[in-house]
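For the sequence shown, this note's numbering begins at 325 and goes up steadily by one.
Read the hints as simulated data drawn from the structure, not as lab findings.
Bear in mind that the values here come from a model prediction, so they are computed numbers and not experimental data.
Misleading hints may appear alongside valid ones.
In the DSSO-like style, the derived pairs of lysine-lysine whose C-alpha atoms are separated by at most 30 angstroms in a straight line are [said to hold, decoys possible]:
id, residue 1, residue 2
1, K453, K541
2, K475, K464
3, K461, K402
4, K461, K375
5, K677, K559
6, K679, K559
7, K429, K386
8, K612, K593
9, K384, K402
10, K459, K410
11, K541, K447
12, K666, K375
13, K428, K384
14, K429, K475
15, K402, K639
16, K541, K593
17, K639, K677
18, K534, K453
19, K459, K472
20, K580, K528
21, K461, K381
22, K402, K608
23, K475, K559
24, K441, K410
FRET-style restraints, in silico, Cβ to Cβ [to be verified]:
id, residue 1, residue 2, range
25, S364, R579, 14 to 22 angstroms
26, K618, Q655, 28 to 36 angstroms
27, S505, I439, 44 to 52 angstroms
28, Q426, E661, 34 to 42 angstroms
Where is the CB? At the ideal position from N, CA and C, for every residue including glycine.
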Amino acid sequence: MKSYCLKLGCLLLLYLFIGGCGNVEPNTFVLTGNIQGNYSGYIYLSFDSVKDSFLVKNNKFKFRGEIFSTTSAILSTKKRTSAMDKDFYLEQGEITIEIEIQRKKVRETELDWIIIKSIEGSKTALLQKEFENYKTKFEKSKNWHAKKYLKIDEIITENPQSKYSGSLLAGELWDSVADFSKLKKMYAKLDIVYQDSLTVNVLKTNLFPKETSLVGKHILDFELKSENGNLINTKNYRGKLLFVDFWASWCMPCRKQMPDIVEIYNQYKEQDFRILAVSLDSEKDRQKWLSAIKKENATWDNVLETGEFSGKVAKMYNIQSIPSNFLIDEQGIIINENISPKQLEEHLNRYFKTKN
């Protein structure tokens, strides 16, 4: 499950020693945690634009911070080597959370799997528990899909300002049997003012693609550094067909389609066709990015957007997931987006046949 966080900035997170916290001030949360089993080292808390850490003592940790509305948060051990079993939310007041950290292997990657055992002091956690209990009761029923929609609609209707309501709705977008007409009706009940901007963008992009599509618009030019440290500017591709491909070394769907893209590139690279691959790997994962380029034989132009999904270029193109791509004509006009390798090949075949 993906987590979407509103970037508020100018937030202060203070460390506290384990112990009583007294009264909680307005717009302040105190998160007290207990870890089942024996754990040593730092625990990290990320929310909004804040990332902070606490050195665990006797399997306990405590964070105190400032928030202006209910905000989704993530606990982790080390970046990209841990994951949570579900989202949780910070709210004004005192929250107690109990977690368990298991070592788990996903494909070839070993990570710390953080399981939330219990949360107290959170109204959103009660909503989550209500939905989870409902899911346990009805998930195996024949009409589960219809029941699920009824429950989500009920939660949104009764809690239009809750960010959990928005998150629940966004989660349904990735269901292969999603009923977008019903999801649009639920979206209309959300109080958008209280939802975080990224969730709203995800919902609008998927529910109303024609309104958010960049097709027919001029390319949003940008400049990033290549694997050799050279600056590459999209303005330099005028006069050629350009395929801008957003990906990352850790993205399995991205890697899976690479051989097809390599074959297409080798077929048309001697003509006026170019590829610019924009990686959303972090600066920390630079070596993994470089290794992936070599392993996949990606001999086209490669640049790195070190800000990942929050980076300037990713935001310019409203990148919510990867792989994402854009096909741009010689004048710099976007003529297609999020196409498969097969669709790319068909377009290039028609284009160069007509041109020749």
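Okay, the hints, checked on the actual structure:
For the proposed pair K453 and K541, the alpha carbon gap of about 44 angstroms is over 30 angstroms, so the pair is violated. Distance hint between K475 and K464 is fulfilled; the C-alpha atoms sit about 15 angstroms from each other, no more than 30 angstroms. At most 30 angstroms may separate the alpha-carbon atoms for a hinted pair to count; K461 and K402 exceed this at roughly 35 angstroms. At roughly 37 angstroms between alpha-carbon atoms, K461 and K375 are farther apart than 30 angstroms, so this suggested pair is violated.
For the proposed pair K677 and K559, the alpha carbon gap of about 26 angstroms is at most 30 angstroms, so the pair holds. Only pairs whose Cα atoms come within 30 angstroms are accepted, and K679 paired with K559 is accepted, the gap being roughly 22 angstroms. Between the alpha carbons of K429 and K386 the distance comes to roughly 28 angstroms, so the proposed pair stays at or under 30 angstroms and holds. For the hint linking K612 to K593, the alpha-carbon distance of about 26 angstroms falls within 30 angstroms, and the restraint holds.
With a C-alpha separation of about 17 angstroms, the suggested pair K384 and K402 falls inside the 30 angstroms cut-off, and the hint holds. A C-alpha spacing of about 14 angstroms is found between K459 and K410, which places the hinted pair at or below 30 angstroms, so the restraint holds. A C-alpha spacing of about 43 angstroms is found between K541 and K447, which places the hinted pair above 30 angstroms, so the restraint is violated. Annotation: proposed proximity of K666 to K375 is violated, straight-line Cα distance about 41 angstroms (limit 30 angstroms).
Using a Cα cut-off of 30 angstroms, the hinted pair K428 and K384 holds, with the two alpha carbons roughly 22 angstroms apart. For the hint pairing K429 with K475, the CA-to-CA distance comes to about 33 angstroms; that exceeds 30 angstroms, so the pair is violated. Only pairs whose Cα atoms come within 30 angstroms are accepted, and K402 paired with K639 is accepted, the gap being roughly 25 angstroms. The hinted pair formed by K541 and K593 meets the criterion: a straight-line CA distance of about 25 angstroms does not exceed 30 angstroms.
The suggested pairing of K639 with K677 is violated, with an alpha-carbon distance near 35 angstroms, which exceeds 30 angstroms. Distance check on the hinted pair: K534 and K453 sit about 36 angstroms apart at the alpha-carbon level, beyond 30 angstroms; violated. Distance hint between K459 and K472 is fulfilled; the C-alpha atoms sit about 8 angstroms from each other, no more than 30 angstroms. Straight-line distance between C-alpha atoms of K580 and K528 comes to about 28 angstroms, which keeps the hinted pair within the 30 angstroms bound.
A distance of roughly 38 angstroms separates the Cα atoms of K461 and K381; the hinted pair therefore is violated under the 30 angstroms criterion. Using a Cα cut-off of 30 angstroms, the hinted pair K402 and K608 holds, with the two alpha carbons roughly 12 angstroms apart. For the hint pairing K475 with K559, the CA-to-CA distance comes to about 49 angstroms; that exceeds 30 angstroms, so the pair is violated. Pair hint K441 plus K410 holds up; C-alpha atoms about 11 angstroms apart against a cutoff of 30 angstroms.
Hint check: S364 to R579, Cβ distance near 35 angstroms, so the stated range 14 to 22 angstroms is violated. In this structure the hint that K618 and Q655 lie 28 to 36 angstroms apart at CB holds, the actual value being about 34 angstroms. Under the hint 44 to 52 angstroms, the C-beta atoms of S505 and I439, about 36 angstroms apart, miss the expected range. Between Q426 and E661 the C-beta distance comes to about 39 angstroms, which sits within the given range of 34 to 42 angstroms.
Going down the numbered hints, you'll see the structure goes against 1, 3, 4, 11, 12, 14, 17, 18, 21, 23, 25, 27, while the others check out.
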